[in-house]
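2 protein chains.
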Amino acid sequence: MKHVARSSSSASPIRPLRIAIFGFGTVGSSVARILTEARPEGLELTHIFNRNIDRKRADWVDASVLWSENANEILSAGVDVIVELAGGLEPAGLWIRRALEAGKSVVTANKKLIAYHGVELELLAAEKGGHIKYGAAVAGGIPVIPGLEQGLAGDKIERIEGILNGTCNFILNKMETGAEFETVLAEAQMLGTAEADPTEDVGGFDARAKLSILMRLAMRVHVNPDEIIPRPITEVAAIDFSYARDLGCTIRQISRAERVGGHIAASVGPTLVPLTSPIAWARGTANMVVVNGHYGGEVVFSGHGAGGQPTAVAVVSDLIALARGSRRIEIPSEQVTIGTESEVAHYIRFRVKDEPGIVAEIAGALAKEKININAIVQKPGFPQDDLPFVVTVEPCKSSALKRALDAIRKRDFNVADPLDLQMLP
Amino acid sequence: MKHVARSSSSASPIRPLRIAIFGFGTVGSSVARILTEARPEGLELTHIFNRNIDRKRADWVDASVLWSENANEILSAGVDVIVELAGGLEPAGLWIRRALEAGKSVVTANKKLIAYHGVELELLAAEKGGHIKYGAAVAGGIPVIPGLEQGLAGDKIERIEGILNGTCNFILNKMETGAEFETVLAEAQMLGTAEADPTEDVGGFDARAKLSILMRLAMRVHVNPDEIIPRPITEVAAIDFSYARDLGCTIRQISRAERVGGHIAASVGPTLVPLTSPIAWARGTANMVVVNGHYGGEVVFSGHGAGGQPTAVAVVSDLIALARGSRRIEIPSEQVTIGTESEVAHYIRFRVKDEPGIVAEIAGALAKEKININAIVQKPGFPQDDLPFVVTVEPCKSSALKRALDAIRKRDFNVADPLDLQMLP
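These protein sequences, in sequence, are chains V and F.
Start counting the first sequence at 1; every next residue gets the next number (this note's numbering).
Start counting the second sequence at 1; every next residue gets the next number (this note's numbering).
What the hints contain is simulated information worked out from the structure, not anything from laboratory work.
Values in this document were obtained by computation on a predicted structure and should not be read as measured data.
Hints are supplied without guarantee of correctness; some may be wrong.
What the hints assert, rightly or not - Pulled a few chain F residues facing chain V out of the computed Cβ check, cut under 8 Å: (1) GLY141; (2) PRO143; (3) GLY296; (4) VAL299; (5) SER302; (6) PRO310; (7) VAL316; (8) ILE320; (9) ALA321; (10) PRO383.
What the hints assert, rightly or not - Pairs of lysine to any residue residues, derived as SDA-like cross-links and limited to a Cα-Cα distance of at most 25 Å, are as follows: (11) F:LYS379 - F:PHE181; (12) V:LYS156 - F:ARG39; (13) F:LYS156 - V:VAL65; (14) F:LYS56 - F:GLY87; (15) F:LYS128 - V:GLY325; (16) F:LYS174 - F:PRO232; (17) F:LYS174 - V:PRO274; (18) F:LYS368 - F:THR340; (19) V:LYS128 - V:ASN72; (20) F:LYS156 - V:THR36; (21) V:LYS156 - F:THR36; (22) V:LYS156 - F:VAL65; (23) F:LYS128 - V:GLU41; (24) F:LYS397 - F:GLU341; (25) F:LYS410 - F:THR234; (26) V:LYS128 - F:GLY42; (27) F:LYS156 - V:GLU44; (28) F:LYS156 - V:GLY325; (29) F:LYS156 - V:GLY307; (30) F:LYS402 - F:LYS128.
Claimed, not checked - Chain F regions said to be covered by chain V (calculated; three or more residues, Cβ under 8 Å): (31) 28-40; (32) 153-164.
In this text, a Cβ means the ideal position worked out from N, Cα and C, and glycines have one as well.
Construct the complete structure from the given sequences, taking the supplied hints into account.
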């Protein structure tokens with residue numbers, strides 16, 4: 001009766017887990033702060049690694065903690081868990097592999113590394129007897145990863161929709177009130193909410209890494225994040241928010257994965273969201289994940305997706321799980337290819353030099369592909385030589401819509417490329 | 001290095017966990033359905049107990065499953081886990097104690113039993129080497145219990161606010177559009193959303209049991225649920241929704257616990273909620289829990305709080321955790337007494353026989369207790385001999401407000417007892 005032996009009473013560890021923090025930035029110092037202030041049972045901060053360590057030293061950290069600029073020194077020391085908070089593929093990956101090779105456990109917030117190499121690192125951990133935990137890698141302070149691993153393990157998740165990037169949500173929320181992208185980006189950069197090079201965030205690369213991690217945990221599929229082609233939010237203009245409002249919607253960066261027939265569709269990009277949908281509620285830099293299960297229906301998680309302290313809570317929670325003797329959760333997952341075909345409603349915004357017959361031509365091109373128009377909206381007050389107007393279409397095959405738009409694109413009434421966005425129901 | 005031994009690689013159990021379901025109602029049959037259809041690894045349904053078993057037998061259940069009306073027979077059989085879904089204190093408590101005494105594990109959705117006897121049952125399980133898990137006891141399909149146990153373990157939770165009773169939420173949502181309580185209750189009873197005797201739900205007893213479970217997991221305090229005096233939603237009339245809307249609010253049954261200075265305040269009852277607050281979003285029978293952590297800030301969980309399938313997902317997730325060799329999470333908790341003093345804003349609705357000087361008298365009684373009035377709202381169109389109007393007051397000590405209201409109550413301009421409701425900020 002092996003399971004009986006495994007479920008035997010847990011006892012406190014003989015000595016606490018010795019913890020080394022790699023990366024003493026916003027999150028790393030918040031982790032150290034919680035470990036120092038709250039002193040969760042079974043955890044002892046023993047080492048801190050950072051470059052230019054003298055600039056980083058903090059007097060509120062216990063004097064017994066060893067500060068070092070030498071990663072190898074700490075990796076060779078008698079620590080039990082490496083908390084990796086440096087981010088990026090390397091050298092973080094190198095440190096993590098070395099730690100796992102030595103049978104140590106790892107807690108990380110590194111979404112990129114986990115999205116690309118998570119499966120391989122979990123196998124390595126399993127082989128060497130350690131653990132790798134990454135509850136902080138997606139939606140920092142929101143316990144969506146433990147929620148999926150534990151509380152929804154009994155369901156079959158059919159769809160995930162999320163606001164996974166706080167920077168994009170901040171920018172799009174501000175654009176709702178009429179501001180243009182560049183103005184809001186500059187403000188976000190001044191506030192520290194956006195990076196100097198915002199490509200990872202606004203381009204959707206950060207969100208797709210997180211989406212692929214959630215897909216693995218929720219849908220048990222293993223995808224190469226590069227297969228999800230993100231749409232940047234830079235494509236959206238203030239006028240689109242105005243038209244979206246007329247349609248009872250707003251615009252959010254949505255990361256979405258869904259089982260459609262035998263395959264998985266996944267997308268990241270600006271998307272029209274009905275104002276009545278929970279996903280429209282996320283304000284400021286908030287994150288939100290909506291999970292739809294075959295048995296349990298819709299579950300919504302929301303909160304602070306990033307920031308030092310919320311992310312640190314997720315890291316410390318993972319450390320507490322290790323101290324409690326958390327078992328590895330082996331998530332069986334099959335490698336799948338992302339389907340390029342989906343079937344959703346679309347918002348298409350044209351900018352044209354006005355002349356008779358444009359609507360008829362557009363309607364004709366859509367009809368040729370058997371795509372039904374849902375609404376045509378044109379606001380007054382725009383110049384005749386650069387007139388924005390919107391056509392929404394009922395759910396249709398993305399390949400058919402692409403053919404229709406390619407045909408429309410060729411017509412010289414276009415002043416700019418038509419913008420098409422998915423619409424959530 | 002004890003923790004290293006504990007974190008050694010997990011292997012699949014040699015044989016699956018043998019599971020007995022006690023209570024084949026809506027939730028029990030949904031659990032059987034998931035175990036039969038999805039066949040999660042490591043779980044085998046072997047026994048089903050119910051009264052009048054012949055009425056219950058379902059042909060989609062594996063022929064190998066033993067159906068019985070004899071609880072003792074199943075408790076003596078070689079099952080590993082009892083899934084208790086009968087509810088109520090007895091005989092559920094008796095079955096669970098017998099199973100735990102025998103070293104078996106228990107998964108239950110029984111909020112009442114866990115609220116009153118959870119600590120004792122956990123101790124018994126620990127002593128005998130079994131587990132007791134109750135992720136389905138609060139907010140059924142929403143993984144708030146694993147979220148608190150795992151994902152927020154690293155935080156210090158300072159406040160919980162929740163919509164924990166779907167029946168009350170359904171009724172109050174309907175009352176928003178002008179219907180009176182009795183009409184909506186009758187509709188809810190017809191739909192099966194409310195029981196024939198709705199006292200447990202509308203009286204707040206169901207919600208206070210759930211709140212006390214959440215308080216233990218989130219705030220690490222152990223309270224006697226009877227110390228939380230619930231306010232029934234029956235006190236609220238359609239006119240209160242109308243006044244609430246004028247104040248930018250709606251009314252929800254809110255269960256709330258908060259650390260205030262050295263003590264814990266807890267309440268359950270109809271409460272004014274700003275329309276801009278996430279807690280106003282819960283529609284229909286939805287549940288919602290908002291947790292506020294010292295480090296991580298606000299986290300919101302929402303979804304289906306009840307219903308066969310969502311609750312069954314929570315039960316099956318607990319079973320999967322047992323099959324994975326889940327460790328017991330020992331939540332240290334101190335027994336505390338609920339404080340009666342809180343300091344929140346209040347909505348007070350009077351019904352008076354109009355005469356000069358009433359507002360002056362009320363204002364005087366409040367001023368005597370140093371309570372500041374925030375707003376006075378009186379809608380036109382009501383009869384002079386039964387005139388409803390509302391006074392809202394700024395956050396004040398509940399004892400001071402009680403003294404002021406006791407003084408006002410004595411005045412014979414009152415046609416009905418003043419209704420005072422807490423207001424969330």
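Results for each hint:
1. GLY141: Holds: closest Cβ of chain V sits about 4 Å from GLY141 (chain F), inside 8 Å.
2. PRO143: Hint holds; PRO143 (chain F) Cβ to chain V Cβ min 2 Å, cut 8 Å.
3. GLY296: Hint holds; GLY296 (chain F) Cβ to chain V Cβ min 4 Å, cut 8 Å.
4. VAL299: The hint holds - VAL299 (chain F) has a Cβ within 8 Å of chain V, the shortest such distance being about 4 Å.
5. SER302: Given a least distance of 4 Å, the restraint on SER302 (chain F) holds.
6. PRO310: holds, 4 Å
7. VAL316: holds, 3 Å
8. ILE320: ILE320 (chain F) check passes; min Cβ-Cβ to chain V is 4 Å, inside 8 Å.
9. ALA321: holds, 6 Å
10. PRO383: violated, 38 Å
11. F:LYS379 - F:PHE181: At roughly 21 Å apart (the allowed maximum being 25 Å), PHE181 (chain F) and LYS379 (chain F) satisfy the hint.
12. V:LYS156 - F:ARG39: holds, 11 Å
13. F:LYS156 - V:VAL65: holds, 24 Å
14. F:LYS56 - F:GLY87: Holds - the C-alpha atoms of GLY87 (chain F) and LYS56 (chain F) are around 18 Å apart, at most 25 Å.
15. F:LYS128 - V:GLY325: holds, 19 Å
16. F:LYS174 - F:PRO232: holds, 16 Å
17. F:LYS174 - V:PRO274: Satisfied, since the Cα-Cα distance of roughly 22 Å is no more than 25 Å.
18. F:LYS368 - F:THR340: Cα-Cα ~21 Å, so holds.
19. V:LYS128 - V:ASN72: holds, 19 Å
20. F:LYS156 - V:THR36: holds, 14 Å
21. V:LYS156 - F:THR36: With a Cα-Cα distance of about 14 Å, the restraint between LYS156 (chain V) and THR36 (chain F) holds, given a limit of 25 Å.
22. V:LYS156 - F:VAL65: Roughly 24 Å separates the two Cα atoms, so the pair holds.
23. F:LYS128 - V:GLU41: Judged against 25 Å, a Cα distance of about 24 Å means the pair holds.
24. F:LYS397 - F:GLU341: The given pair, whose Cα atoms are some 6 Å apart, holds under the 25 Å limit.
25. F:LYS410 - F:THR234: holds, 23 Å
26. V:LYS128 - F:GLY42: With Cα atoms ~24 Å apart, LYS128 (chain V) and GLY42 (chain F) stay inside 25 Å; holds.
27. F:LYS156 - V:GLU44: Holds. LYS156 (chain F) to GLU44 (chain V) sits at ~18 Å (cutoff 25 Å).
28. F:LYS156 - V:GLY325: holds, 21 Å
29. F:LYS156 - V:GLY307: holds, 17 Å
30. F:LYS402 - F:LYS128: Given that 25 Å is the threshold and the Cα spacing comes to 49 Å, the pair is violated.
31. 28-40: holds (count 4)
32. 153-164: holds (count 4)
Hint compliance for this structure: hints 10, 30 are not met, and every other hint is.
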